[in-house]
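**Q** Starting from the known structure of chain A, fit chain B onto it as the hints suggest.
Protein sequence lines, in the order shown, are assigned to chains A and B. Be aware that the first sequence starts at 206, since it is given in the working numbering, and climbs by one per residue. Be aware that the second sequence starts at 206, since it is given in the working numbering, and climbs by one per residue.
Honestly, the hints are just simulated from the structure, not real lab data. Backbone N, C-alpha and C define an ideal beta-carbon position, used for all residues, glycine too. Among the clues, some could well be false.
[Unchecked claim] Using C-beta positions, here's what the derived DEER-type ranges look like: (1) G566(A) / S308(B): 22 to 30 angstroms; (2) F594(B) / P378(A): 21 to 29 angstroms; (3) A344(B) / N513(A): 50 to 58 angstroms; (4) E525(B) / G342(A): 54 to 62 angstroms; (5) R473(A) / A438(B): 52 to 60 angstroms; (6) S258(B) / G470(A): 44 to 52 angstroms; (7) Q529(A) / R585(B): 39 to 47 angstroms; (8) G566(A) / T567(B): 48 to 56 angstroms; (9) R514(B) / T567(A): 33 to 41 angstroms; (10) G499(A) / E297(B): 54 to 62 angstroms; (11) R263(A) / S501(B): 25 to 33 angstroms; (12) R309(A) / S258(B): 47 to 55 angstroms.
2 protein chains.
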Amino acid sequence: MRVELVNTGTELLLGNTLNTHLPFVARALFPLGLRIARQVTVPDGTAIREALSEALDRSDIILVTGGLGPTTDDVTRDWVAELLGLPLVRDEAVARAIEERFSRRGLSVPDRAWRQAEVPAGARPIENPNGTAPGLGVATRWTGGDRPGPRHLFLLPGPPRELRPMMADQVVPALAALCPCGTSAPMRVWIIAGSGESVVEERVGADLVAIEGLELGYCARPGEVEIRGIGPAKRLDEADRIIAEKLGSQLVSRTGESLDRVVSGLLRARGETLSVAESCTGGAICSSLTDLAGASDLFVEGFITYSNRAKEARLGVPAELLRQRGAVSDEVARAMAEGALETAGTDWALAVTGIAGPGGGTGEKPVGTVFIGLAGKRCRTVTERHRFFGERETFKRLTGQAALDLLRRNF
Amino acid sequence: MRVELVNTGTELLLGNTLNTHLPFVARALFPLGLRIARQVTVPDGTAIREALSEALDRSDIILVTGGLGPTTDDVTRDWVAELLGLPLVRDEAVARAIEERFSRRGLSVPDRAWRQAEVPAGARPIENPNGTAPGLGVATRWTGGDRPGPRHLFLLPGPPRELRPMMADQVVPALAALCPCGTSAPMRVWIIAGSGESVVEERVGADLVAIEGLELGYCARPGEVEIRGIGPAKRLDEADRIIAEKLGSQLVSRTGESLDRVVSGLLRARGETLSVAESCTGGAICSSLTDLAGASDLFVEGFITYSNRAKEARLGVPAELLRQRGAVSDEVARAMAEGALETAGTDWALAVTGIAGPGGGTGEKPVGTVFIGLAGKRCRTVTERHRFFGERETFKRLTGQAALDLLRRNF
Numbered sequence: 206m207r208v209e210l211v212n213t214g215t216e217l218l219l220g221n222t223l224n225t226h227l228p229f230v231a232r233a234l235f236p237l238g239l240r241i242a243r244q245v246t247v248p249d250g251t252a253i254r255e256a257l258s259e260a261l262d263r264s265d266i267i268l269v270t271g272g273l274g275p276t277t278d279d280v281t282r283d284w285v286a287e288l289l290g291l292p293l294v295r296d297e298a299v300a301r302a303i304e305e306r307f308s309r310r311g312l313s314v315p316d317r318a319w320r321q322a323e324v325p326a327g328a329r330p331i332e333n334p335n336g337t338a339p340g341l342g343v344a345t346r347w348t349g350g351d352r353p354g355p356r357h358l359f360l361l362p363g364p365p366r367e368l369r370p371m372m373a374d375q376v377v378p379a380l381a382a383l384c385p386c387g388t389s390a391p392m393r394v395w396i397i398a399g400s401g402e403s404v405v406e407e408r409v410g411a412d413l414v415a416i417e418g419l420e421l422g423y424c425a426r427p428g429e430v431e432i433r434g435i436g437p438a439k440r441l442d443e444a445d446r447i448i449a450e451k452l453g454s455q456l457v458s459r460t461g462e463s464l465d466r467v468v469s470g471l472l473r474a475r476g477e478t479l480s481v482a483e484s485c486t487g488g489a490i491c492s493s494l495t496d497l498a499g500a501s502d503l504f505v506e507g508f509i510t511y512s513n514r515a516k517e518a519r520l521g522v523p524a525e526l527l528r529q530r531g532a533v534s535d536e537v538a539r540a541m542a543e544g545a546l547e548t549a550g551t552d553w554a555l556a557v558t559g560i561a562g563p564g565g566g567t568g569e570k571p572v573g574t575v576f577i578g579l580a581g582k583r584c585r586t587v588t589e590r591h592r593f594f595g596e597r598e599t600f601k602r603l604t605g606q607a608a609l610d611l612l613r614r615n616f
Numbered sequence: 206m207r208v209e210l211v212n213t214g215t216e217l218l219l220g221n222t223l224n225t226h227l228p229f230v231a232r233a234l235f236p237l238g239l240r241i242a243r244q245v246t247v248p249d250g251t252a253i254r255e256a257l258s259e260a261l262d263r264s265d266i267i268l269v270t271g272g273l274g275p276t277t278d279d280v281t282r283d284w285v286a287e288l289l290g291l292p293l294v295r296d297e298a299v300a301r302a303i304e305e306r307f308s309r310r311g312l313s314v315p316d317r318a319w320r321q322a323e324v325p326a327g328a329r330p331i332e333n334p335n336g337t338a339p340g341l342g343v344a345t346r347w348t349g350g351d352r353p354g355p356r357h358l359f360l361l362p363g364p365p366r367e368l369r370p371m372m373a374d375q376v377v378p379a380l381a382a383l384c385p386c387g388t389s390a391p392m393r394v395w396i397i398a399g400s401g402e403s404v405v406e407e408r409v410g411a412d413l414v415a416i417e418g419l420e421l422g423y424c425a426r427p428g429e430v431e432i433r434g435i436g437p438a439k440r441l442d443e444a445d446r447i448i449a450e451k452l453g454s455q456l457v458s459r460t461g462e463s464l465d466r467v468v469s470g471l472l473r474a475r476g477e478t479l480s481v482a483e484s485c486t487g488g489a490i491c492s493s494l495t496d497l498a499g500a501s502d503l504f505v506e507g508f509i510t511y512s513n514r515a516k517e518a519r520l521g522v523p524a525e526l527l528r529q530r531g532a533v534s535d536e537v538a539r540a541m542a543e544g545a546l547e548t549a550g551t552d553w554a555l556a557v558t559g560i561a562g563p564g565g566g567t568g569e570k571p572v573g574t575v576f577i578g579l580a581g582k583r584c585r586t587v588t589e590r591h592r593f594f595g596e597r598e599t600f601k602r603l604t605g606q607a608a609l610d611l612l613r614r615n616f
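Chain A on its own, in the form it takes in the complex (with noise of 0.2 angstroms):
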């Protein structure tokens, strides 16, 4: 079964939204043997028409988001009604539950609401529990192209807190019973932290392509590069015992697991506290860490003390230090991480203070310069000084990493 999605939205493609769809269908799909042979992304109008017509003819399964809402650019249903031949007509249930979400926060019905009651006839409406446009199921015989035959095209929601819930709940299972002897071969995914991609893969690049059987893939974000085996379970293990081998104590999971997962995971199994002082990262390496439900159990208190008088008044760095030290120095780094251990009185403390820029370095000292401090009841502060390039965005993302992987190496 070839599956394709093709998002719709005029604003995906002048740049004003990220598109989140594609990593949730996929991840939604993989369990069931089901990988997206291509995503396609076209603006509101005839577009939809050509990119449904032209997967028509290639996949089987076709997954469609957004243009299901209420406004005058949402024309998904009337392209797919048109491109299958059938007409629009007003499903009653659909009518009914939207006039029910409105009355129930004490809103009558909006007149451009209704259109959202409006489905290709013989589509099966699929509930929306947290919007008004429903989804809408179309089984189908297409016969263009090269592959005529049955063909199943699913519309969801643009909204991701509308699709994501409508697509595990409701997609997946219906997708389960189109294809219930499909499952994947296993995937395992490697993460390793401190080094690049190119050196990654000179160091085990040889040995894993001489696997048999095995299909190989990398990635490169900030802070971690991924290596993605996909094959059979022994093999799998071969690609293992390599990877821990050579790359020892930078490998950071097997599966897949992020960096702050796997802190979070290290601190739950000892039933252990942390609290983070920030500085150049400005919170967001407590936000990540509360990203991760039960974060209350291990992550105590944050101090993002942006300006020196906070690092004073609320870390205990001695004023002095700072002037002669600079707020961006080692010195600083330790005393920002064992006040912070102290006042929270957490089991550890993570502190980092560096120079986000574009302003702010100096030539002792220029911009992406950061120190990273760990503090712990038993054992001694540790600290580490980089050198990170890239926007500021990539900076603060940059020193989380390497934060949050001084903790995972010293734990």
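**A** Showing chain B alone in chain A's frame:
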């Protein structure tokens, strides 16, 4: 000139990575009068050849990202060479740049890095100051498809911190030279807070549609609706009058400027400062404010008081109040905001406390309940109660938006 963007990379289709290239490239092209007519994602392998060949049939300018690196799955160069019938030749200038890059870091060149110096004959290497793989520009004449003629390919590296400066500094000027007379009709983007898409279009939609020659689009995101208009300046002014009149204080910006930028701009204009006390958002508000360069002028300090103990110790929230009212309460939000204002000595302080879920909800205060407090030196403290639906990250985002909007409306 029709533009197509081809993103290569199995990791994109397995859901391991977000495609951030599309918005970046789209925004870079718009001022040149160029829009992306179609974006396609394909896995590494022969699908790249297929997508490239279709793009060459259809479009004048084809931008390709990814697959230029040193690893075995980096095959874009090879497919382009084959498709255009060009041999791969070693470019000595590129080879020297690769050598210099590694030696600057005290490393010798890994064997596979040399692959990156192989370019299709006649292609123009595009310097990559942030990585070893150069970009490539290829001008060719395409004889396939219904529209034979000149084509311009640009092959760009996959890592965003390599692609972005290359796009901005080298590809955009090259494209500007190709289409010297292209300038887009002006675009204006209005950001609206506090209502959903249906309600926003119900209030302004009919009046906006009545403006002749105005291309309209809507996009809903957590906490905001974006209205996008493209057309002559006079028509945009008409639209602006309607939006300002009908949506009043819900209009956050007329420039697409996000809420965090708008709030930062307000503070900067008056030279005032802000501190933030976060519980359920765990640093997300601080982090979004410090993504902006120059944040240190406005943003003094953040208190990520996840535990009750931290709320007491850092913000002076009375233990009695926490016990009586609970950490998630109007009174505690108020006390947190006032505590942050006093402790940090800022002009303004925002505080949020809520239940991000999935656990922790009660009948009276279900998951998604949040209280927001705003304290200011010269005004009475205000609080708001909200209930947000969605997963943990959506909840954090909605809460952060509501907090910043509370400050904006009370500034």
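**Q** With reference to the structure, classify each hint as holding or not holding.
**A** Taking the hints in turn, this is what the structure says about them:
Taking 22 to 30 angstroms as the suggested C-beta distance range, the pair G566(A) and S308(B) conforms, at roughly 24 angstroms. Under the hint 21 to 29 angstroms, the C-beta atoms of F594(B) and P378(A), about 22 angstroms apart, fit the expected range. For the hinted restraint 50 to 58 angstroms between A344(B) and N513(A), the CB-CB distance of approximately 54 angstroms keeps it satisfied. For the pair E525(B) and G342(A), the beta carbons lie near 56 angstroms from each other, so the given range of 54 to 62 angstroms is met.
Judged by the Cβ atoms, the range 52 to 60 angstroms given for R473(A) and A438(B) holds: they are separated by roughly 57 angstroms. For S258(B) and G470(A), the hinted distance range of 44 to 52 angstroms is satisfied, since their beta carbons lie about 46 angstroms from each other. For the pair Q529(A) and R585(B), the beta carbons lie near 43 angstroms from each other, so the given range of 39 to 47 angstroms is met. Distance hint check for G566(A) and T567(B): the Cβ-Cβ separation is about 50 angstroms, which falls inside the suggested range of 48 to 56 angstroms.
At roughly 39 angstroms, the beta-carbon separation of R514(B) and T567(A) lies within the given 33 to 41 angstroms, and the hint holds. The hinted window of 54 to 62 angstroms between G499(A) and E297(B) holds, with their beta carbons roughly 56 angstroms apart. Between R263(A) and S501(B) the beta carbon distance is about 53 angstroms. The supplied range of 25 to 33 angstroms is therefore violated. Look at R309(A) against S258(B): about 52 angstroms separates their beta carbons, and that is inside 47 to 55 angstroms.
Of the numbered hints stated above, the single one contradicted by the structure is hint 11.
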